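Engineer: Residues per chain are reported as follows:
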Amino acid sequence: MDFNDTPEEAKFRSEVREWLAANARPRDPNNAKAGVSTKSEAERLVRAKEWQAKKADAGYAAITWPTEYGGLGGTSIQSVIYSQEEANYDVPRGFFEIGLGMCIPTMMKWATPEQNERYVKPALFGEEVWCQLFSEPAAGSDVAGLRTKCERDGDDWIINGQKVWTSGAHFCDYGIIVTRSDPTVPKHKGLTFFFLDMKTPGIEIRPIKQISGGAGFNEVFFNDVRVPDSQRLGDVGEGWKVSLTTLMNERLAIGGGSGVDYEELLKLARETELEEGPAIKDANVREKLADWYVQSQGLKYTKFRTLTALSKGQVPGAESSIGKIVSGPKMQDLGSFAMDIQGQGGILQDTDESPMGAAFQNQWLGAAGYRIAGGTDEILRNIVSEQVLGLPQDIRVDKNVPFNELASSAKK
Amino acid sequence: MNFDFSDDQKMLKDQARKFLEDKCSYGDVRTVLESDASHHDDIWQGLCDLGFTGAAIPEEYGGLGLGALELCVIAEELGRSAAPVPFSSSIYMAAEAIKIGGSESLKQAWLPKLASGEIIGTLAAAEGPAAPTPRNTKTSFANGKLTGRKLPVPDGETASVAIVLANTGGTGEQAVSLVVVDLTQDGVTRSSVETIDPTRGHAEISFDNVDASLLGVTGEGWALMKRVEAGAAVLVAFEQVGGTEAALHMAKDYSLDRYAFGRQIGSYQAIKHKLADMYVKLELARSNAYYGAMVLAQEGADLELAAASARISATEAYRFAAQECIQVHGGIGFTWEANPQFHYRRSKLLALSLGSASRWKNRLVSELEKSNVA
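Line order of the protein sequences matches chains H and E. Take the first sequence: its letters are residues 1450 to 1861, numbered as in the numbering used here. Take the second sequence: its letters are residues -12 to 361, numbered as in the numbering used here.
Simulated from the structure, these hints should not be mistaken for lab results. Treat the numbers as computed from the prediction; the structure is a model and nothing was measured. One or more of the hints may lead you astray.
As the list claims (entries may be wrong) - Below, a list of computed lysine-lysine pairs in the DSSO-like style, where the Cα atoms sit at most 27 Å apart:
id, chain 1, residue 1, chain 2, residue 2
1, H, K1779, E, K132
2, H, K1570, H, K1558
3, E, K213, H, K1779
4, E, K132, E, K94
5, H, K1752, E, K(-3)
6, H, K1730, E, K100
7, E, K100, E, K261
8, E, K213, E, K94
9, E, K213, E, K261
10, H, K1752, E, K94
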């Protein structure tokens, strides 16, 4: 039992290290978690595209993809090794994860060879950015309850409706979308899937301002948007099957939580005086600190168990499904508790006055969304209990009912 | 990355599991619950015959000469079956304490007998309902003689040798030492005591000016005991992981069998989410226990931190799984005839046997303060 690389892994790691050292700037260890760029999003996107092109050129942008798509034809563990090493460098992140993690894999499975020839490489090299148009105001956890409709018109389809929570729609070039083609059949059976150009006339994008103040997501409105039938993925009415390809990749793409953790809480507890003395001497503070340390370590070593399975060429066990269930509430509770330690001053969200640039306040606000995005705490518990423990699925009262006869909040 | 047990270790685990599935059913555990026996002797003898007691004891002292990782996989299976045997007292505590702190003559005197299971050993620290600390330790050792009273002592009725925490006259943490006592001599009085988990025997032991020999150095008993506790914390964490998994499966199986309001209770989200939470805590505990095992096997410098993490995580997992297992069962789970009680009892016993989670959280943060000067 050890954390060592196999000889092949060690060789790959040293190649990656050499390439990164020659092509990227090491991260400043004193500024490890701040990472807040002062540049505008447009400027960051330009830099991200440059970096993506460089990375794709070296084969590291899609290590597990087949070589004919510009990948390296490598293994999952190699992909992890690259990410571990890249984490030590100050490189742009956050623009291509959804496109390359979810959209393009869906294209690779369902689009024609000619379409993949046209779209995969430009996405891989960062020339074109993709988004995913699934969620709707009335279809969140129950995404198959979506209402955006498509109607056949000659060789085209006309799309009308609204999507929501679309990350990066405002800077994306293409998107994948699932729509309702037949409301007279049960909900999973009446869906049809397309990809489309985000500049198509009739698409209107509005940013959503979050409680944290940021606006990483959008509402996207479709008013008579015309899409050629050639951009349909899968058969008419088979859209749910195509969606599952995308959703299977979602938990991988969403990734683990980051932000302030027990280390920052320890630092805060050392620097803050309570009535009875330093916070770090307070028994309640110590208990909480220990609990979150243990959770963090548990998640870290759970990841190592998954990596071990990958390293041995095995399929990882179900343990990898626990990550977000633990990290979401932990981020929220830890942020909240750190604010408690700050007393009345804990309400300040001020980069100068609040400890660590208001990192705890920012995390407390942001974590409320993290517990919902990419599968709520509750949906994730359903997944664990049904898919890991083998408990019965929820009783679906909508299962065999035509979609247009279902009860809904829109027509109650 | 090779963060897993080896194929040989997994084979050993299978062997332990098969033996215990065969010989240590809940019915067998129940016979100890419902009798005056301190442990189940057939199961204990079987474990000794398979060489499990000597797994981590060097060959020169009659053991198999394997390591901590082998002991960990056996521990998980003992925990899964809630085995009513003195394994933890005799091996994780007594044998390990002698291995770590004992002189050559003490090792030769005791380890072969502990390895074969010919005798049972234990460690006696507590003196009533308070945490054993140097300040709380009244039992005293001077001029080779031990006097005092220990309560509760695990397997105290059947053990032939005890490692005893005794006051040796220093100040602060230097006030205590560990001594080795032959419990079969005159002047040792013992009586069994009632506990929350009668499947594991406990006793009160009084020492009236009896012979004892020092284990390690005078005044360094507290440091040695903490080292022994750290190793035991990892091993007990594996028992707790095994127990957690057993309680989860027991609750899950019942939730699939039991119908209420016309459907399996396991189809209700209130039950599904409870079971999912058990699983999440189990996997965190398992991962922390694996790291503890690795550090223990490598005798790494951060054993205290790794052991505390393993113990805190596994204690919480077993607490939750065992108590919610009864809840999932409803009324039947509260009856004497049902089996959830075995894990409910054992989870609390293990949670306290090496000191409460609060104490270990304090120990953990003290280590963090040392290691992280941020």
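Engineer: Decide, hint by hint, whether the structure agrees.
Structural biologist: Cross-check of the supplied hints:
A hinted pair counts as satisfied when its Cα atoms are at most 27 Å apart, and K1779 (chain H) with K132 (chain E) does not qualify at roughly 52 Å. Among the hinted pairs, K1570 (chain H) with K1558 (chain H) is consistent with the structure: their alpha-carbon atoms are about 15 Å apart, no more than 27 Å. Restraint check: the Cα-Cα separation between K213 (chain E) and K1779 (chain H) comes to about 30 Å, which exceeds 27 Å; the hinted pair is violated. Distance restraint check for K132 (chain E) and K94 (chain E): the Cα-Cα separation of roughly 20 Å lies within the 27 Å cut-off, and the hinted pair is therefore satisfied.
Restraint check for K1752 (chain H) and K(-3) (chain E): satisfied, since their Cα atoms lie roughly 20 Å apart, inside the 27 Å limit. Between K1730 (chain H) and K100 (chain E) the CA atoms are separated by roughly 45 Å; this puts the pair beyond 27 Å, and the hint is violated. Among the hinted pairs, K100 (chain E) with K261 (chain E) is inconsistent with the structure: their alpha-carbon atoms are about 45 Å apart, more than 27 Å. For the hint linking K213 (chain E) to K94 (chain E), the alpha-carbon distance of about 20 Å falls within 27 Å, and the restraint holds.
At roughly 35 Å between alpha-carbon atoms, K213 (chain E) and K261 (chain E) are farther apart than 27 Å, so this suggested pair is violated. In summary, the hint linking K1752 (chain H) to K94 (chain E) is not supported, as the alpha carbons are separated by about 40 Å, beyond the 27 Å threshold.
Figure legend: structure checked against the earlier numbered hints; hints not met, in rising order: 1, 3, 6, 7, 9, 10.
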